[in-house]
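Q: What follows is the residue order along each chain.
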Amino acid sequence: MFFKRLALAGAVSVAATAAYADGHATCDFENTTEITMLSAAFEAWVAVTDGMAACGNFSPELDQEFRTKQPEGFAADPSLYQLGGVSNGTITPLLNAGTIRPLDDLIAAHGEQLTPNQLIQIDGQTMAVAMMVNVQHLMFREDILSDLGIETPTTWEEVLTAAETIQEAGVVDYPLGATMKAGWNIAQEFVNMFGGFGGTLVNDDNTPGVNSEEGLAALDMMMRLTEYMDPEYLVSDSTYVQQQFQQGSIAMANLWASRAGAMNDEAESQVVGLVATAAAPLAMEGGAPATTLWWDGIVVAANISDEEADAAFRTAMAGIDSETVAAAPDAAIWLIEGYEPNDMSAGAIASATANPAPPAYPSTTQMGLMHTALGDELPAFFTGDVSAEEALAAVEAAYTVAAQEAGLLE
Amino acid sequence: MKFKTFIWFVGPSLFLMLLFIALPLYAVLMGSFQVTQPVMQTVEVESCSAGFLAQTCTTEVRTIPVLDEETGDMLTTTEWVGWLSYERVLEPQRAWAAITSLNYGALMQIDFWAALRFTLMFTFITLPLVIGVGLAIALAVNNAAKSIRGPIIFISLLPFIITPVIGSLSIYWLFVGDGILTRGIENLLDRDIAMFAQAWTIELLMLFYRVWHVAPFAFVIFYAGLQTVNQDTLESAIIDGASRWDRLKYVVIPHLMPLIVFIALIHLMDAYRVFDEIVGFRAEAHVTSLQYLTFNFLQPDDAGNRAFSRASASSMLTMVGIVILLIPLLRRTWRDHKGSSH
Chain A
511 MFFKRLALAG AVSVAATAAY ADGHATCDFE NTTEITMLSA AFEAWVAVTD GMAACGNFSP
571 ELDQEFRTKQ PEGFAADPSL YQLGGVSNGT ITPLLNAGTI RPLDDLIAAH GEQLTPNQLI
631 QIDGQTMAVA MMVNVQHLMF REDILSDLGI ETPTTWEEVL TAAETIQEAG VVDYPLGATM
691 KAGWNIAQEF VNMFGGFGGT LVNDDNTPGV NSEEGLAALD MMMRLTEYMD PEYLVSDSTY
751 VQQQFQQGSI AMANLWASRA GAMNDEAESQ VVGLVATAAA PLAMEGGAPA TTLWWDGIVV
811 AANISDEEAD AAFRTAMAGI DSETVAAAPD AAIWLIEGYE PNDMSAGAIA SATANPAPPA
871 YPSTTQMGLM HTALGDELPA FFTGDVSAEE ALAAVEAAYT VAAQEAGLLE
Chain B
93 MKFKTFIWFV GPSLFLMLLF IALPLYAVLM GSFQVTQPVM QTVEVESCSA GFLAQTCTTE
153 VRTIPVLDEE TGDMLTTTEW VGWLSYERVL EPQRAWAAIT SLNYGALMQI DFWAALRFTL
213 MFTFITLPLV IGVGLAIALA VNNAAKSIRG PIIFISLLPF IITPVIGSLS IYWLFVGDGI
273 LTRGIENLLD RDIAMFAQAW TIELLMLFYR VWHVAPFAFV IFYAGLQTVN QDTLESAIID
333 GASRWDRLKY VVIPHLMPLI VFIALIHLMD AYRVFDEIVG FRAEAHVTSL QYLTFNFLQP
393 DDAGNRAFSR ASASSMLTMV GIVILLIPLL RRTWRDHKGS SH
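Those sequence lines, one after another, are chains A and B. Sequential numbering from 511 applies to the first sequence in this note's numbering. Sequential numbering from 93 applies to the second sequence in this note's numbering.
Just to be clear, a hint being listed does not mean it is correct.
Said to hold, decoys possible - Restraint ranges, calculated between C-beta atoms of paired labels, are given here:
#	chain 1	residue 1	chain 2	residue 2	range
1	B	Ile272	A	Asp657	28 to 34 angstroms
2	B	Phe300	A	Ala864	46 to 52 angstroms
3	A	Gly783	B	Ala146	29 to 35 angstroms
4	A	Gly783	B	Leu296	39 to 45 angstroms
5	B	Arg186	A	Thr893	18 to 24 angstroms
6	A	Thr736	B	Arg427	33 to 39 angstroms
7	A	Ala907	B	Ala236	30 to 36 angstroms
8	B	Thr169	A	Asn713	48 to 54 angstroms
9	A	Asn713	B	Ala187	28 to 34 angstroms
10	A	Asn567	B	Leu421	31 to 37 angstroms
11	B	Thr169	A	Asp573	29 to 35 angstroms
12	A	Gly708	B	Ala146	18 to 24 angstroms
13	B	Glu171	A	Asp538	52 to 58 angstroms
As the list claims (entries may be wrong) - Not the full set, but computed from the structure, chain B residues with beta-carbon under 10 angstroms of chain A:
#	residue
14	Leu219
15	Ile223
16	Val225
17	Ala228
18	Ala289
19	Asp332
20	Ser335
21	Asp338
22	Arg374
23	Asp393
24	Phe400
Keep in mind that the hints were calculated from the coordinates and are not lab data. These numbers were taken from a predicted model, which means no experiment stands behind them. Where a beta carbon is used, it is the ideal one built from N, C-alpha and C, also for glycine.
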């Protein structure tokens with residue numbers, strides 16, 4: 511009897527090890543075509559590519575520099591990658607160059623698991639399949655706020671009041687954190703806040719629209735928030751803010767939903783179970799939350815044979831199935847069937863479903879130029895070198911030159 | 093040597109120099125006078141994006157590039173624009189207005205001039221420090237007991253071996269936020285310190301880092317030079333009653349002068365292209381350099397736009413700057429060379 515039980519236990523553990531070794535993933539078809547994929551390297555992509563690897567002959571390239579490599583890689587003929595991981599910001603160059611293919615036929619053949627919400631459509635054609643949404647939303651130390659009797663802030667004014675109270679109590683080094691690193695990050699913060707005040711970044715005739723009432727209001731609010739931040743906020747990116755949270759040195763931040771899982775990672779976080787999320791705060795009464803909606807998803811290259819595209823798409827479908835969600839439920843706000851929102855995703859969902867809802871980050875050439883201009887010119891305002899008006903005028907000037915060079919403006 | 097033999101010897105390297113130096117330079121020069129842009133069209137596009145529960149669809153007017161119907165490539169036009177890209181980089185009118193009204197702040201608002209200010213400051217402050225520190229280490233090692241010279245040389249060379257980006261990143265991590273060195277200084281001085289919150293502390297760290305990193309190079313060259321100092325001259329100087337300082341000033345330094353010029357040449361070229369520190373220290377909000385400016389123009393944004401023409405113009409300007417800096421030193425070397433051959 512004893513031996514029988516021992517043998518059984520051994521068999522179970524062997525089976526468990528085997529299941530663990532292939533990452534719990536299975537694939538319903540045997541892939542015989544070499545498939546490569548280039549995508550960003552964050553946790554959700556690791557989970558998805560693990561799922562795709564089960565089909566065989568699949569080699570993913572997870573690289574944070576994917577945005578510089580992707581346009582050239584896909585423009586080659588044949589394309590260097592069959593699949594690409596993009597977001598609504600980074601799909602633009604591929605769309606513009608026509609190097610990704612419409613997926614409608616492939617979805618009809620192999621995409622029965624997809625929901626309409628996952629289909630990214632341009633002029634009626636599905637160009638990408640989204641697997642997750644991402645959004646910057648309010649994350650806060652629940653314990654600190656309840657100790658000090660602060661209600662969860664819903665507007666940026668309330669965030670300021672709360673920050674003041676936390677500052678006076680002196681329970682953390684800095685009440686606020688923010689992804690204000692010069693360049694892409696600070697520009698994104700401005701895009702969020704500016705949208706929260708209802709501004710239009712680029713007009714329909716491609717002229718800039720940031721030097722406006724809304725622009726001044728956004729900069730003013732951002733400047734007031736910096737008083738409660740680490741003075742080195744101009745070098746602070748998402749990872750830095752995440753670490754500030756994990757080490758307990760900040761109490762609130764408008765941070766990416768994809769970073770929420772790390773708060774409860776016992777290996778690196780000292781605040782496990784203490785961080786909660788809420789909708790991104792409103793910038794003005796009756797406005798949308800001051801944030802933008804992002805999706806991440808998969809595209810298929812145009813410059814490959816139809817057979818390759820077919821195999822690539824089937825492999826991709828194996829990666830964005832319920833199994834992946836089950837294996838990594840906290841890695842993202844999945845759009846995939848089987849996803850059960852947990853406590854940490856409450857903020858992202860509240861932001862995305864707010865009424866009025868925040869806009870999706872626009873995938874346009876103009877937006878790329880505007881984002882760069884904002885990232886280059888706004889830091890001078892925060893270092894105190896120029897006034898808000900001068901900074902916004904400089905953004906418009908930088909955008910205009912870039913747009914002229916890109917052929918968008920005369 | 094026969095001319096034919098000479099050509100056979102230098103031919104391959106001449107060819108490679110043409111291929112890898114002259115040709116790219118020519119391409120950049122041409123690029124700086126041209127603007128290539130895609131042909132754009134304005135169309136109304138309905139696009140649907142993923143929300144959490146439902147799709148959000150919007151119809152909007154978009155300006156997108158025209159694709160060639162046969163090849164599927166983007167249609168582009170290339171135009172000769174003369175000095176336009178240089179004007180866009182230099183912004184001469186704005187700069188002149190700032191200079192004539194003696195408004196230093198306004199001049200520093202133009203990226204190029206702010207970058208030039210830092211680049212020149214960086215180059216001219218690190219140059220004497222690198223030569224001075226390098227010479228000091230060389231003299232110290234030369235006077236050290238033979239038995240410990242090996243280990244000292246090895247240790248002094250370490251900073252030079254480290255990859256520049258890695259070196260600057262480690263300095264960054266030592267000082268940023270609650271880095272251990274910042275913590276240490278905070279404990280000593282009993283006050284809060286943020287090294288990366290203002291420009292002057294970042295610049296100070298950059299100067300320190302560059303001297304720390306390059307001084308070993310100067311040291312090795314000087315140390316080799318010190319081995320060739322004529323011992324008879326030194327001894328006769330001692331007999332003449334020359335002090336240690338006098339010997340250094342009248343015998344050693346004149347002997348090392350060609351090496352000093354050599355190191356100055358190399359260092360000017362390197363320091364004028366300062367780049368790793370900006371990236372490593374994430375200093376772009378506070379200080380940028382000319383090389384960083386070119387990089388920033390070339391870096392594609394999310395939509396894939398790059399400012400090739402302005403990048404070409406700015407790298408041509410960087411090259412012109414280096415040549416201007418090197419002229420005095422090159423003239424000196426040329427004079428010495430001519431003097432010695434006659």
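Q: Could you run down the list of hints and mark each one as holding or not?
A: Verification of the hints:
{"no.": "1", "hint": "Ile272/B - Asp657/A: 28 to 34 angstroms", "verdict": "holds (31 angstroms)"}
{"no.": "2", "hint": "Phe300/B - Ala864/A: 46 to 52 angstroms", "verdict": "holds (49 angstroms)"}
{"no.": "3", "hint": "Gly783/A - Ala146/B: 29 to 35 angstroms", "verdict": "holds (32 angstroms)"}
{"no.": "4", "hint": "Gly783/A - Leu296/B: 39 to 45 angstroms", "verdict": "holds (42 angstroms)"}
{"no.": "5", "hint": "Arg186/B - Thr893/A: 18 to 24 angstroms", "verdict": "holds (20 angstroms)"}
{"no.": "6", "hint": "Thr736/A - Arg427/B: 33 to 39 angstroms", "verdict": "violated (56 angstroms)"}
{"no.": "7", "hint": "Ala907/A - Ala236/B: 30 to 36 angstroms", "verdict": "violated (58 angstroms)"}
{"no.": "8", "hint": "Thr169/B - Asn713/A: 48 to 54 angstroms", "verdict": "violated (24 angstroms)"}
{"no.": "9", "hint": "Asn713/A - Ala187/B: 28 to 34 angstroms", "verdict": "holds (29 angstroms)"}
{"no.": "10", "hint": "Asn567/A - Leu421/B: 31 to 37 angstroms", "verdict": "violated (59 angstroms)"}
{"no.": "11", "hint": "Thr169/B - Asp573/A: 29 to 35 angstroms", "verdict": "holds (33 angstroms)"}
{"no.": "12", "hint": "Gly708/A - Ala146/B: 18 to 24 angstroms", "verdict": "holds (22 angstroms)"}
{"no.": "13", "hint": "Glu171/B - Asp538/A: 52 to 58 angstroms", "verdict": "holds (54 angstroms)"}
{"no.": "14", "hint": "Leu219", "verdict": "violated (28 angstroms)"}
{"no.": "15", "hint": "Ile223", "verdict": "violated (32 angstroms)"}
{"no.": "16", "hint": "Val225", "verdict": "violated (28 angstroms)"}
{"no.": "17", "hint": "Ala228", "verdict": "violated (34 angstroms)"}
{"no.": "18", "hint": "Ala289", "verdict": "holds (4 angstroms)"}
{"no.": "19", "hint": "Asp332", "verdict": "violated (58 angstroms)"}
{"no.": "20", "hint": "Ser335", "verdict": "violated (49 angstroms)"}
{"no.": "21", "hint": "Asp338", "verdict": "violated (49 angstroms)"}
{"no.": "22", "hint": "Arg374", "verdict": "holds (4 angstroms)"}
{"no.": "23", "hint": "Asp393", "verdict": "holds (4 angstroms)"}
{"no.": "24", "hint": "Phe400", "verdict": "holds (8 angstroms)"}
Hints 6, 7, 8, 10, 14, 15, 16, 17, 19, 20, 21, counting from the list given before, are not met by this structure.
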